[in-house]
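Engineer: Read off the chains here:
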Amino acid sequence: MENNITVKILRTTDEGSRFQSYEIERVEGMTVLGALIHIHDNIDETLSFDYNCRAGRCGTCGVVMNGKPTLACETQLPKTNEMVIEPKRSHAIIKDVMTDDPDIWKIRKDVLKFPFTPKTSQPFVIPPHQTERFNVLDSCIECGLCQSSCPNIKNGWIGPMHAVYAAKLDAHPLDTLDRSELLMRKGIRLCDTNFSCQKSCPKGITITQDAIIPEKEAWIDKNGIFFRLGKQ
Amino acid sequence: MKYRTVELDGIVIGCGGAGAKAAIVAHDNGAKIGIVSKCRMGKAHTVMAEGGMAAAIGPQDGPEKHFADTIIGGVALNDWRKVWKLVTGGKECIEYLESQGSIFDRSDEGNVQPRAFGGHSEKRVCHVSDRTGHAIIHTLKNDVLKRDIALFEKTIITSLITRNGKVVGATALHIPTGELVLFKVKFAILATGGNGAIYKYSTNSKDLTGDGVYLAYEAGAELMDMEMIQFHPTCMVEPEEKKGILVTEACRGEGGILINSKGERFMKTAKKPDGSPMYVGKLGQPELEPRDIVARAIEKEWEEGRGPVRLVVCKNAWRNEVKRLSIPAELHALVDESKLLDDDGVRKKLASMVEQFEKFAHTDITNEGMIVRPGHHYMMGGVKTEAETCSTRVHGLYAAGEVGSGVHGANRLGGNSLTDIQVEGKVAGKAAAQYAKTASHDNCEAEATIEFGRIESMLGENGIKSSSIREELREYMWSNVGMKRNEEGLKKTLEKIAELKKKSAGVKVSGARQGNVAWQEAIETVGMLAVAEIVVRSAIERKESRGAHFRTDFPKRKKEWILNIICEKGHGGISISKRPIEPIPDNLRKLIPEEKMRELYGE
Ligand SMILES: Cc1cc2nc3c(=O)[nH]c(=O)nc-3n(C[C@H](O)[C@H](O)[C@H](O)COP(=O)(O)OP(=O)(O)OC[C@H]3O[C@@H](n4cnc5c(N)ncnc54)[C@H](O)[C@@H]3O)c2cc1C
Ligand code: SF4
Ligand code: FES
Numbered sequence: 047m048e049n050n051i052t053v054k055i056l057r058t059t060d061e062g063s064r065f066q067s068y069e070i071e072r073v074e075g076m077t078v079l080g081a082l083i084h085i086h087d088n089i090d091e092t093l094s095f096d097y098n099c100r101a102g103r104c105g106t107c108g109v110v111m112n113g114k115p116t117l118a119c120e121t122q123l124p125k126t127n128e129m130v131i132e133p134k135r136s137h138a139i140i141k142d143v144m145t146d147d148p149d150i151w152k153i154r155k156d157v158l159k160f161p162f163t164p165k166t167s168q169p170f171v172i173p174p175h176q177t178e179r180f181n182v183l184d185s186c187i188e189c190g191l192c193q194s195s196c197p198n199i200k201n202g203w204i205g206p207m208h209a210v211y212a213a214k215l216d217a218h219p220l221d222t223l224d225r226s227e228l229l230m231r232k233g234i235r236l237c238d239t240n241f242s243c244q245k246s247c248p249k250g251i252t253i254t255q256d257a258i259i260p261e262k263e264a265w266i267d268k269n270g271i272f273f274r275l276g277k278q
Numbered sequence: 002m003k004y005r006t007v008e009l010d011g012i013v014i015g016c017g018g019a020g021a022k023a024a025i026v027a028h029d030n031g032a033k034i035g036i037v038s039k040c041r042m043g044k045a046h047t048v049m050a051e052g053g054m055a056a057a058i059g060p061q062d063g064p065e066k067h068f069a070d071t072i073i074g075g076v077a078l079n080d081w082r083k084v085w086k087l088v089t090g091g092k093e094c095i096e097y098l099e100s101q102g103s104i105f106d107r108s109d110e111g112n113v114q115p116r117a118f119g120g121h122s123e124k125r126v127c128h129v130s131d132r133t134g135h136a137i138i139h140t141l142k143n144d145v146l147k148r149d150i151a152l153f154e155k156t157i158i159t160s161l162i163t164r165n166g167k168v169v170g171a172t173a174l175h176i177p178t179g180e181l182v183l184f185k186v187k188f189a190i191l192a193t194g195g196n197g198a199i200y201k202y203s204t205n206s207k208d209l210t211g212d213g214v215y216l217a218y219e220a221g222a223e224l225m226d227m228e229m230i231q232f233h234p235t236c237m238v239e240p241e242e243k244k245g246i247l248v249t250e251a252c253r254g255e256g257g258i259l260i261n262s263k264g265e266r267f268m269k270t271a272k273k274p275d276g277s278p279m280y281v282g283k284l285g286q287p288e289l290e291p292r293d294i295v296a297r298a299i300e301k302e303w304e305e306g307r308g309p310v311r312l313v314v315c316k317n318a319w320r321n322e323v324k325r326l327s328i329p330a331e332l333h334a335l336v337d338e339s340k341l342l343d344d345d346g347v348r349k350k351l352a353s354m355v356e357q358f359e360k361f362a363h364t365d366i367t368n369e370g371m372i373v374r375p376g377h378h379y380m381m382g383g384v385k386t387e388a389e390t391c392s393t394r395v396h397g398l399y400a401a402g403e404v405g406s407g408v409h410g411a412n413r414l415g416g417n418s419l420t421d422i423q424v425e426g427k428v429a430g431k432a433a434a435q436y437a438k439t440a441s442h443d444n445c446e447a448e449a450t451i452e453f454g455r456i457e458s459m460l461g462e463n464g465i466k467s468s469s470i471r472e473e474l475r476e477y478m479w480s481n482v483g484m485k486r487n488e489e490g491l492k493k494t495l496e497k498i499a500e501l502k503k504k505s506a507g508v509k510v511s512g513a514r515q516g517n518v519a520w521q522e523a524i525e526t527v528g529m530l531a532v533a534e535i536v537v538r539s540a541i542e543r544k545e546s547r548g549a550h551f552r553t554d555f556p557k558r559k560k561e562w563i564l565n566i567i568c569e570k571g572h573g574g575i576s577i578s579k580r581p582i583e584p585i586p587d588n589l590r591k592l593i594p595e596e597k598m599r600e601l602y603g604e
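Those protein sequences? They're chains C and B, same order as listed. The first sequence begins at 47 in the working numbering and counts up one residue at a time. The second sequence begins at 2 in the working numbering and counts up one residue at a time.
The shape of chain B in the complex, shown without the other chains (with noise of 0.2 angstroms):
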């Protein structure tokens, strides 16, 4: 078997925010490094993020706030310290990213003005326009430019090699000239992102096939909360090729509202059993409750045939919406227009939308509303990892950013990845360099072997297609693991998955070994599958709603499932089982106001 053989300290898997982070850091704490990654430096998923980063800077708000805000809107699912870790890393984001040469939006006097998001009670979230992920990514993009770190781009990492329960290699595959390269390592640090291909409608960039999650779950990794997948409340929905593209919480943040078909403003007049409003909403508006929340309502709002549902930014737009829906007198006293932006402030402040609806749904937001419905956003789940050093039980594999787990809890408030994939991504780079000094090399090439025989198994004529596999899956996942879970369904899908491993035993690739994108997506329609399943075993194993996890057949929270799901590779399959979450310790408990206490622990 003819391959390629790179040494070094050790690599991280992924150039998106966490793993830019992470190799700076690793490098910089004496690290030999390198970054491998499937797509080139700057193009991975972080780049599309647009509303902006969590950081608790102004004057009213701190993270004791952060900090709250963040365990409420995960439903108490959260690891408290990855969040205390989160909540007081934000600022330090922020000044080091405009120490680069980023720059924030700013107030009139000239200091960063953070926006609302959901969830969030005060104004926090960042932002470089609706573009804050670019500016980011490529900040850290030239910050990894500057040192020396190899680069390995389009290269898709196939396995983790492990020795008596320690990282020792990676296998890859070199896209462009269909390369076999074998990595010897002393660690290796995920920063794959997310799974959001699982899914037929998702806001997510191709490249996210769940792949981190695979590959440490086959390293002997555990996994955890993997049933915890968010849908984003707002998503286009025309044409259907852009259907699940992502229309960004900014737009809500800046004061966006939304409405049915028949122009009322429905999470205004949405009204409990004892007649007090049954959202509240932070900064006084109803559409700014968590991310779970919100989506929820919206799809009601079209199950129940009040569809579609439009989300207006712009004071002119919603005079027309006015006049096009004839909106009686008493629904319009349910917006104050003057909340709303004016065109100007919506081209400054929503450029990309803007772009992005004229281009894709010839629609001008500033004359007419957005039609929107939840899609698949982020997996809050992952890899477990300690909060500490982001390792996971496997010596030498680390995790972080979104391919990590604990953070979000059950439900992500936006804005806190951004802030999230950067500080684990100095925790991981620091621990894993850390690691590297007293770690060894040892030998992996039997391993790399059989690896690399499997990936050349799978060329060859006249086989089936990934992509048909990929479709049925993608469809089913849809359909039955999505906003709304039961049993039924959640078995249904779990048979499928295992017809479709059956069929993907037949998977064959052909054409020539360069550029062949269709090798790449075999590899990962694997992983694919094994990671479809930890998400359905997981959801049926938590038999109650919480966040984004909604069971109609246990539609309630129980105080009892404040706990964590965990799988792992066992000798027949998945094995799963539950753990208990440490309690938060009594002075970051006391930040969370009691009437929430009791809401979210039953005390």
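If we strip away everything but chain C, and leave its shape as in the complex, we get (with noise of 0.2 angstroms):
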């Protein structure tokens, strides 16, 4: 029919990977959660895929839409008669497009030994114009989209998501702490700012340039340039 559109979905089975397609009728403002949860309460129950808030809030839904990270529940279907979903990339699939991100706690447990540690005591004076940096990273909902797009996550860079947590108590006006020492051990160098973490990040959030880039500056004023990283 005219209005539906084929929602092919990458789908765990005992013999591996396979697509399977559905095809669905395309409701006005439906969004690409609509299309799962309409797959999986009318056709087939055994599709699994993950979301809470279904607002853009809870960053739980991340799927790869016609081969971009995207958050289901924010996106509607797009123009095209096919949608491919596949799991979020550099994530452990559960099953289908339900994915897990085991080291997450672990990788932040090693960011939280270096915590907020503010310069004054309570009540704390923050002048608004001081917060415009931290504000932008503080929106962050965790959504992974930015590491299931990053090239470079491998051989122990622990990915934008990370960075823009670190990058957040580092903007914040009242630290004292500098946690770009701790980025470069954990491997942002290895980050060769293509953009596409800032690109595919749900909420706008400006990494590269708010994140990444003053990181890797702080640690080169304190450190000099970044040859004699080999010396550590």
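Watch out, some of these pointers could steer you wrong.
Claimed, not checked - A few chain C positions that, by computed beta-carbon distances, are all more than 10 angstroms from chain B:
(1) Y68
(2) R103
(3) E128
(4) I140
(5) K214
Stated by the list, open to error - Below are the EDC-like pairs computed for lysine to aspartate or glutamate, each with C-alpha atoms no more than 20 angstroms apart in a straight line:
(6) B:K349 - C:D256
(7) B:K509 - B:D149
(8) C:K155 - B:E219
(9) B:K244 - C:D156
(10) C:K125 - B:E180
(11) B:K147 - C:D224
(12) B:K544 - B:D587
(13) B:K360 - C:E74
(14) B:K263 - B:E331
(15) C:K155 - B:E488
(16) C:K159 - B:E180
(17) B:K360 - B:E241
(18) C:K125 - B:E154
(19) C:K159 - B:D149
(20) B:K272 - B:E241
(21) B:K185 - B:E488
(22) C:K155 - B:E154
(23) B:K124 - B:E110
(24) B:K509 - C:E178
(25) C:K262 - C:D156
(26) C:K152 - B:E154
The set of hints was computed from the structure by calculation and includes no laboratory data. Backbone N, C-alpha and C define an ideal beta-carbon position, used for all residues, glycine too.
With the hints as a guide, dock the two chains, each given alone in a separate frame, to form the complex.
Structural biologist: Here's what the structure looks like:
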């Protein structure tokens, strides 16, 4: 039918991964998540995927749609006749497009060894103009789409999502620590600033500009140029 | 039966604001603790909270005023001890969150600057733009991660095991692997949030299926005020898929106004029979009445053919609506344009709303009004607990946050929940850790085996799908147990629930054990039906209208109904009783203005 769309989903089977197609009717305002729920509730209840808030707040529903990391609940169906859904990259597949990031808290715990350490006691006086970069980074919903889009997550680079958190603490106007050293140990130099994380962030966080580059700069300011790293 | 056993002092069920806080405090008071949650850390429903958390920090403000507002908003059904804890605990919550690196929105001078909210007589809702819950949940999550707290994410608790009136264990299913888990514990803290999933249109996230209420009920705890369901005045209407998504009260707190299809600011023009204004609101804005009142006013416009109702937050949007709806001069005069935000203000203070309307409804809220209508939002009732400890009558069973009861009475004021979850989380965590010092573990393998048998028996082919049961339940609850209720509709719903319960015995879930969403849903559906029945029976019992509970067949509020409705598991099903409310002591009673006292208590 003219108003239908074919949803091709990469599914987990006993014989490995394979695509399965479902044909559904397009409804006005339907999102990728709406399509997955419709299939699960009405056609195939064995389809596995994740979501919670359905409003772009919790960051649970990430998938790769037509090759692009996407937050399913806030992305409307594409105009194309076919939509291909795959699991988030650089994530472990639990089943179908339900994924997991098994290392997420292990890495976060490392970053948390450098917790927010204020230079003054409370109540804090913080004029609003000092928090612009902090606010940008603070809106991260930890959806992992930037991780999923980063071609350099390997060889020990913990990835943009974790850099955003570390950089947020560094951007706190009252914080006294510097996490650039930590990020350097965690592979930030493997980032070739190709902007794919920033481009894939559903919250429009300027990751490269406001997290990655300032952290690299901070490290250089402290330690001199990059090639000294070889000595470490 | 194969299952894994984990032994701890206790578990917290749920990783929202209440659960995370309870776990931190229990840990710091010496308990060996784990968090069990259906979602991953940082993803719980609390993350959705937008407008802010109430804390009486202003120079004009104080806990006394906050106390009076909360009791007036709750129409005298509140547990005053809990309210006092809430209003005296707000400041500490803000300080704690900022000590961990959160930054609340500030004045130009750099101090925390609260905003106005419905029912609050002062600006006291502190906020991080319009993503306050997000800031709270991530801050608490990181604080959990700094500690040795065991995490069991994507794991659903299916039952609590009690022996001699004491919690000794809990059974669970780990969704990713399909593995069954037995927790052998001395205590369990319920922090499972509300019950939005039993309604067709709700602001709540998917996880909120009322599990905690069901678990507590089955374990022998009492439930209280379950008829009290808050319908938030402003939810999205279009597109259908997003119907029910919240439009934050911060929109009205930042000066937003409500107009009907004629462009009339109906909350300003409404008059009492004596000609005086029907709605005074707070801080000079009629749109800032408590939520039950605003919700009914909006619904009335829709029902009487004056919809769509629009919420206008921006100067520019107002000018455009004036032109588009050809709003006549006399109606125009009801709006003080200078009190609306400019484009820049909207983008800064209501950033999530700008994004939400852009992405879901292709609407630019700086250019036009948002179409809104009430939807299910919050469960004021829940598990009955003691104010001092958050304990239930089952030893070792605690409840904190939205799953609890009593704080908000018959109607919750906006902003009070985010404070409540942290205040109660702390109380529960501390009391439970204390309890664990003298309590002991006990055997619970036999009970676990029976429960795991029930869970396993849901797997199979060619059964009824639980999604079909849920859909029917939601439809009925929405139509008959919503903002307006009457005996006929309520009884019809009870019959429906009975029918669905029978049907649910035939539910079978197909597919692999791993990552089986339908299995989780089948487990939840059993509880949802029980919780829905409790809500309906409580609503039948309360033969008056008060706060969020509006009976068209008993439209008046009656003094003799200043009491709590208690449900517990009886021999033949739900047993219902009425319980008097402990009177507010004189020193606190004095805080409530006299004319309000007369209105509330008929004195
Ligand atoms: C859109 C929206 C906006 C809001 N805005 C505000 C606001 O501005 N101010 C305010 O004060 N309040 C607001 N509220 C209300 C407030 O957010 C909630 O009441 C509060 O967050 C509830 O927190 P909680 O910790 O009690 O539970 P939740 O955050 O709901 O967490 C419940 C947890 O329990 C888990 N769970 C449930 N059942 C089980 C089970 N069987 N096994 C294991 N885990 C389980 C869930 O996975 C989840 O982790 C808002 C609510 C919504 C929906
Ligand atoms: S930075 Fe953006 S893409 Fe990355 S986790 Fe945060 S919200 Fe998601
Ligand atoms: S379901 Fe929460 S972000 Fe999509």
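Engineer: Are the hints correct? Go through all of them and say.
Structural biologist: Against the structure, the hints come out as follows:
no.: 1; hint: Y68; in the structure: holds, 15 angstroms
no.: 2; hint: R103; in the structure: violated, 5 angstroms
no.: 3; hint: E128; in the structure: holds, 20 angstroms
no.: 4; hint: I140; in the structure: violated, 4 angstroms
no.: 5; hint: K214; in the structure: violated, 8 angstroms
no.: 6; hint: B:K349 - C:D256; in the structure: holds, 18 angstroms
no.: 7; hint: B:K509 - B:D149; in the structure: violated, 39 angstroms
no.: 8; hint: C:K155 - B:E219; in the structure: violated, 37 angstroms
no.: 9; hint: B:K244 - C:D156; in the structure: violated, 41 angstroms
no.: 10; hint: C:K125 - B:E180; in the structure: violated, 40 angstroms
no.: 11; hint: B:K147 - C:D224; in the structure: holds, 19 angstroms
no.: 12; hint: B:K544 - B:D587; in the structure: violated, 29 angstroms
no.: 13; hint: B:K360 - C:E74; in the structure: holds, 13 angstroms
no.: 14; hint: B:K263 - B:E331; in the structure: holds, 12 angstroms
no.: 15; hint: C:K155 - B:E488; in the structure: violated, 55 angstroms
no.: 16; hint: C:K159 - B:E180; in the structure: violated, 33 angstroms
no.: 17; hint: B:K360 - B:E241; in the structure: holds, 14 angstroms
no.: 18; hint: C:K125 - B:E154; in the structure: violated, 36 angstroms
no.: 19; hint: C:K159 - B:D149; in the structure: holds, 14 angstroms
no.: 20; hint: B:K272 - B:E241; in the structure: violated, 34 angstroms
no.: 21; hint: B:K185 - B:E488; in the structure: violated, 44 angstroms
no.: 22; hint: C:K155 - B:E154; in the structure: holds, 16 angstroms
no.: 23; hint: B:K124 - B:E110; in the structure: holds, 17 angstroms
no.: 24; hint: B:K509 - C:E178; in the structure: violated, 52 angstroms
no.: 25; hint: C:K262 - C:D156; in the structure: holds, 19 angstroms
no.: 26; hint: C:K152 - B:E154; in the structure: holds, 14 angstroms
Hint compliance for this structure: hints 2, 4, 5, 7, 8, 9, 10, 12, 15, 16, 18, 20, 21, 24 are not met, and every other hint is.
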